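Q: Here is what each chain is made of, one letter per residue.
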Amino acid sequence: MSDTLIWLFALPLTGAVATLLLPRQATALANVTAVATTAVAATLLHAVSRQGTLSYEIGGWSAGLGIALRADGLSTLLLMMTALVVLASSVYASAYFSKAAERARFWPLWLLLWTALNALLLSGDLFNLYVTLELLGLSAVALASLGGKLAAVQAALRYLLVGLLGSMMFLAGVSLVYAGYGTLDLSTLAHTVEAGPLAWTALALMTAGLLLKTALFPLHFWLPPAHASAPAPVSAVLSALVVKAAFYLVLRLWLDVFADLLTPAAARLLGVMGAAAILWGSWRALRTERLKLLAAYSTVAQLGYLFLFFPILLAMPPGPARDAALGGLVILALTHGFAKAGLFLAIGIIQQRCGHDRICELDGTAQRLPATTFAIALGGVALIGLPPSGAFLGKWQLIGGAFATGQWLWVLVIIAGSLLAAAYIFRVLGHAFGNRAYPQSTVTVAREEWPALVLTGTAVIGLGLAGAPVWQLLGSNA
Amino acid sequence: MTTSAMLILDILMVLSLLSLAAAALATSDARRSVILFMAFGLVLALAWARLQAPDVALAEAAIGAGLSGALLLAAVGDQPRRALTGDTKPVHHHDHSNLKLMLEWTVTLLCIAVAGALAWALAQAFERAPQATLAQAVSENLATSGVSNPVTAVLLNFRAYDTLLELAVLLTAVLGIFALGPARPGYRTAGPVFGGLVRWLVPVLILAAAYLLWVGAHAPGGAFQAGATLAAAGVVLRLAGQRTVGLPQGPTLHLVIAAGVGTFLLVGLSLLVLGRPFLGYPPAWAGGLILLIETAAMLAIAATLVLAFLGGRPQPPRVNVTGGKPPAASISTLRPRSREGLSGADVPGAESHKHFSEENRQC
Amino acid sequence: MNLDVWLPLLIVASSLVPGLVIFFLKEDSHGTRTFLNLAGAAGKLVLVGVMIWGVFHQHNYETRWTLAPGLDLVLRADTLSVLFVTLSTVLWLVTTVYAIGYLEKSPHRSRFFGFFSLCVSATIGLALAGNLFTFVIFYELLTLATYPLVAHRGTPEALRGARIYLTYTLGGGALLLVGTVWLHVIAGPTAFVEGGVLGQLPVEYHGQLKAIFLLLLIGLGVKAALVPLHGWLPQAMVAPAPVSALLHAVAVVKAGAFGIVRVVYDVYGVNFADQLGLLAVLGVAAAITIVYGSLKALFQDNLKKRLAYSTVSQVSYIAMGTAILGPIGTIGGIVHLVHQGIMKITLFFAAGNYAETLGIHKVSEMNGVGQRMPATTLAFTIAALGMIGIPPIAGFVSKWYLGLGAIEAGMAEWVIPVLIISSLLNAAYFLPVLYRAWFCRPAPAWPAEHIPAARYETAGALLWPPVVTAGLALAAGLFAAAPYSPLEWADLIAQREYQL
Amino acid sequence: MLTAHWLYGITGCLVVALGLRTALLHALLLHRLIGINVMGAGVFLMLIAVAYRGPGVAPDPVPHALVLTGIVVAVSATALALALARRLTAEQDDE
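Residue numbers (this note's numbering), protein chains in the order written: chain A, 2 to 479; chain B, 529 to 891; chain C, 962 to 1461; chain D, 3 to 97.
With the rest of the complex left out, here is chain A:
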């Protein structure tokens, strides 16, 4: 059963090699790989929900000497989201890239990115995590630069430099850990780590590097241009999954590995940065003229909510209340993943059909591209956090936690952010409902329109009405 952990990264990697060697069949191969990997992820989800955390010692070497893979509730849920989002985006991409040359360039990098994501989510070894981070960063940059325009290349270059800086900081922290504790295995470290300059510096360096990669305000400057100038399916995955991978690592380090030596003050710092991200990101999203930039800035804001959970989680004693809050954090992250991916895919369709993504010229989209507009509306509902989206449950937990721990101020930030989100989403929908129509083709390819609908639907209906298992899964091995 634990072989699934291997296949989760081995399948996409094999697919990458295959698509590279057989460019003619690349699209077919990639879609097959996507389906197979998703199936494996589903199997894993099932297994973990049945028998709790799974782990695998690569090469049969005991963790420490060798590298161990681990899949607990948290990583499994993220793996599942990754699989579904990448699968949908792959279907979309098969229709999105018209030229064979483009497809041949795209698929191997795409599957390498997936490999990196899965490897990162599974890895239980600090240095291995560094390698996965680099693989993730490089593949993401290569994909982001596929746009080929000046803006895209420039953004990709900045993205790369920032990413490298982040990984170097992370590596410095890792080196300190090995120097001090003689191990790289996360679970071993969790037991041996003790407060002191060593642990502090290591955690600080690793966290700083990861915050740079997950674009937490004020380290977000690189994100909007990079996410807004990439091809639609790439933007979808960058915004939905790649930044989340780095966030996932912060969560692991703070809540699992270094939990014992964390002070509320440190968590409050993260909270303040998160709050700033919410307000600033939402504000910029409201002011921007282009739909893709809007989506990118909203990512900056949404990540802020995730970090707002830290001061609340660390102020709570272990127990059902804390588990509920953690579940809220996870379901918020998942909802954003699905919603934002769907949103970017939908925007890609609008961009292709209308030839632009200027918000003030979208009038009549609701008539010309009803399905796509509906997808945007659904995604918007999730971003605002309105019921029945999973984000509603997440924000409920967030507000509840803030009240329970007496941190009222965060509530104001959450409400302000949500209202700003409503403002920028309905600014778009307002234009879409406008009846000043432009003479443009209304032909749409189902293969392009469905993925966006399915993803945003999952975010709103799926996670909103059937989200309870998330808590069970997290609880099963907490």
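Fair warning: there could be bad hints in the mix.
Pairwise CB distance ranges (calculated) [what the hints assert, rightly or not]:
| id | chain 1 | residue 1 | chain 2 | residue 2 | range |
| --- | --- | --- | --- | --- | --- |
| 1 | A | GLN473 | C | GLY1168 | 52 to 60 Å |
| 2 | A | LEU287 | C | TRP1026 | 50 to 58 Å |
| 3 | A | LEU287 | C | LEU999 | 50 to 58 Å |
| 4 | A | PRO265 | B | ALA738 | 53 to 61 Å |
| 5 | A | PRO265 | B | TRP648 | 44 to 52 Å |
With the Cβ distance kept under 8 Å, some of the chain A side facing chain C (calculated, not the full set) [as the list claims (entries may be wrong)]:
| id | residue |
| --- | --- |
| 6 | LEU270 |
| 7 | VAL273 |
| 8 | ALA277 |
| 9 | GLY328 |
| 10 | TRP397 |
| 11 | ILE400 |
| 12 | GLY401 |
| 13 | ALA423 |
| 14 | PHE427 |
| 15 | GLY431 |
| 16 | PHE434 |
| 17 | ASN436 |
| 18 | ALA469 |
Chain A regions said to be covered by chain B (calculated; three or more residues, Cβ under 8 Å) [what the hints assert, rightly or not]:
| id | stretch |
| --- | --- |
| 19 | 12-22 |
| 20 | 259-268 |
If you're looking for bench data, these hints aren't it; they were derived computationally from the structure.
Quantities reported herein were computed from a predicted structural model and do not represent experimental measurements.
All C-beta atoms in this analysis are idealised placements derived from N, C-alpha and C, irrespective of residue type, glycine included.
Add chains B, C and D to chain A, keeping to what the hints say.
A: Just chains B, C and D now, kept in the frame of chain A:
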């Protein structure tokens, strides 16, 4: 050698390291700073040799200093300065200069703080001097690892998974480079003297690579050092004006650059299918499998590094223009690609839309 | 299958499913759409009938679905929810017929009817909500489902009206959410229980409970159009007439008023609310709104705007009834939930007919419209007189009970004057309209005669709904004492709330 | 704790700081790239210093392996960055 002499050596080494690093980062002239960086790398290699890390020293000399240097120099060669100014900065420095000064100071202080924290942490680490490091574990399991060089054992057996992903990183890099456009136009074909030099230098390098690969099992060396040496041969050929530097074209080229990852996966997964753990070599076969993987890895690494040096897929002869052309040449070759870019702005309908944009400027 | 578990869900689904299907219909598949709409409405009516019978006989219908630990989506039928469900279902049926006639060959009908059904589903959902969490979910869904209806015409004014509507309701929704979560943290899942649940909480929480009540009151007051939160309502009248009917009578405004009733009676408990001094706050807000709305209505020449302000005023009778301690006042408030709905929808249907048939939008254009459109004008007259409180029309019953209740509760000295003033104002802004309609000589030509006088004064689908609802308004007054009449049902509710 | 430890260890820290400063401040892409590489080298130096066990004692091979991996990853990243820079020039000249 006496400890005091050793100490003096150490101090000299450390000082030169610091001064070279500082100098490399201080000079504003690109070419100079690259050369200083390479020098820094070489001294670093010496320092590591002194710290009994010969494998790493070799790799640093060959890759860290050698090939990175070559890449950077090539970049300096075809980049007009302003390109390297390429706005990659979050903060805009020009005009208001006192803001710039403030920023510089804050960053400098931050870096000092980082250095301090690092040193402090490191000091504590050395005190704790973790006894239960993996060193013992490695030496205990070395016998069954299939090789006698502990570093190779860690790289290709105990932590083989890291190496697999690392090869994936190399693959990603070269694919990314391919996606960005064709290789630089070749250099002037070598004169008789250099030509003669090349004629015996290249075989030597290839032999050296083979030797490093073979010796890696029990002595310093291995796939990476070997791959780097092989790449060096490619670089030499390239400098001699050899356009394709003996690399295959088309599908075969893909086969080569994917060889490392492919072989690794093949071995790992077949073991899994045969009921062993992923990458869990049977002790009897370990040596052979590792050599197999290392050979494939070497080829892939060499190819990747050379392609990185070329700056892309080597062009079929007709495109190439002999004679070192100014960047304009490489740009002209890029033009068509930038047209078929993927960004939404050049999808059908973009033109037909243009005339609407005017009347809607309000809002 | 077990009906007790499935009935509430079925009642919501009976409009939700057709709505979702309609989205995917072609624009021109008129027949299928009409069939789905009417079938859904009729089916819902049958199911509701079953539910009324069951609830009357102490049946317990409950659908429960866990969304997260401690957060259950609960649909439950009690006397109060059944009252609101019945009202919405009946009026929805009528409004659907009217809308089908009204939107003859106007664009995007599939979209319109899709959201129209979602809107009603949301209303039914919040009527059946078994706890505050569920109520909030459907309350927000209602906001979302109404936005496209208000924006339907896509004109700049429509979009502007929709934007204002959204600004108010989402703002209110946010406060409601905060209040609900806060309450959830203090008191755990707050199920709606007759007589309330918060009374048992220790004294140190009372301060927080007051703050929470204000949050909830503002959140609900936005939809209930309590002054000064009423700003969106007059703006939203740019929407098509069926939507106005929906906003003013069936769904939105009602949802707010219903929420206030729920919070006071089934969350706080009316006695506990009084003990905290919250009823007084509510009463004052209601009184101000009643008078202010009527005053504003006086100065509107635009007919729909005048009706909108009259709604602002009339809906607060419900809040007023809630604020009056004692069963009689409660009956007055709750029965007005129904009466106001029937009468106001009649008025909006009639206004819509004037606009659609003769292009009349202003009161000043209504001279002599009584001769041209007698049936419509008669319906309008009945409803208007009812609003003023002339016996034997429904409105009179409500006001009568409110007055009695006030006297019983010893609040007469300020409630009675408010009732009298507002009734006078109602007369002042309705009677002139009736006078013009019946007794003034018509202008040589109507502003824009779309539908010529034929067998009927206008299209049948437009004519019958107001006639029917006017009849209902009359019946609700005449047969107030009959079993299953709104009054009797309100009486039943009051008995259960006060455990009489 | 040996002299070599703190001598090279501290040097590593300083080199990291030097590289970091350039990576953050310098205007020229090439210098920032070199800065990042220097930073990496500093980290590697720290690791090798940690692995050192004194004369005559076999050093810890694990950090050596990590550094080897790190070097290769660093060169791949540098190569990609330079390719991007080259494309950027071309695009800028296109403008």
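Q: Against chain C, run the beta carbon of GLY431 (chain A) and see if the smallest gap drops under 8 Å.
A: This hint holds: GLY431 (chain A) lies near chain C, its Cβ roughly 5 Å from the closest one there, short of 8 Å.
Q: Given ALA469 (chain A) as an interface hint, is its Cβ closer than 8 Å to any Cβ of chain C?
A: At 5 Å from the nearest chain C Cβ, ALA469 (chain A) passes the 8 Å test, so the hint holds.
Q: Take the stretch 12-22 of chain A, compare each residue's beta carbon with every beta carbon of chain B, and decide whether three or more fall closer than 8 Å.
A: Since 6 is at least three, the answer is holds.
Q: Tell me if the interface restraint on ILE400 (chain A) is satisfied: Cβ within less than 8 Å of some Cβ in chain C.
A: Holds, about 4 Å.
Q: Should the interface hint for TRP397 (chain A) be scored as holding, given a Cβ-Cβ cut-off of 8 Å against chain C?
A: Interface hint status for TRP397 (chain A): holds (6 Å vs cutoff 8 Å).
Q: Against chain C, run the beta carbon of ALA277 (chain A) and see if the smallest gap drops under 8 Å.
A: violated (20 Å)
Q: Should the hint that LEU287 (chain A) and TRP1026 (chain C) are 50 to 58 Å apart at their CB atoms be regarded as holding?
A: Since LEU287 (chain A) and TRP1026 (chain C) have Cβ atoms about 35 Å apart, the given range 50 to 58 Å is violated.
Q: Would the hint on GLY401 (chain A) stand, with a C-beta cut-off of 8 Å toward chain C?
A: holds (5 Å)
Q: Would the stated hint for ALA423 (chain A) survive a check requiring a Cβ distance to chain C of less than 8 Å?
A: Holds. Min distance 5 Å.
Q: Could you check if VAL273 (chain A) really has its C-beta closer than 8 Å to a C-beta on chain C?
A: violated (21 Å)
Q: Is the hinted range of 50 to 58 Å satisfied by the C-beta distance from LEU287 (chain A) to LEU999 (chain C)?
A: violated (43 Å)
Q: How does the coverage statement for the stretch 259-268 of chain A fare against chain B, requiring three or more residues with Cβ below 8 Å from a Cβ of that chain?
A: Per the Cβ count (0), the hint is violated.
This entry does not satisfy hints 1, 2, 3, 5, 6, 7, 8, 20, going by the numbered hints stated previously.
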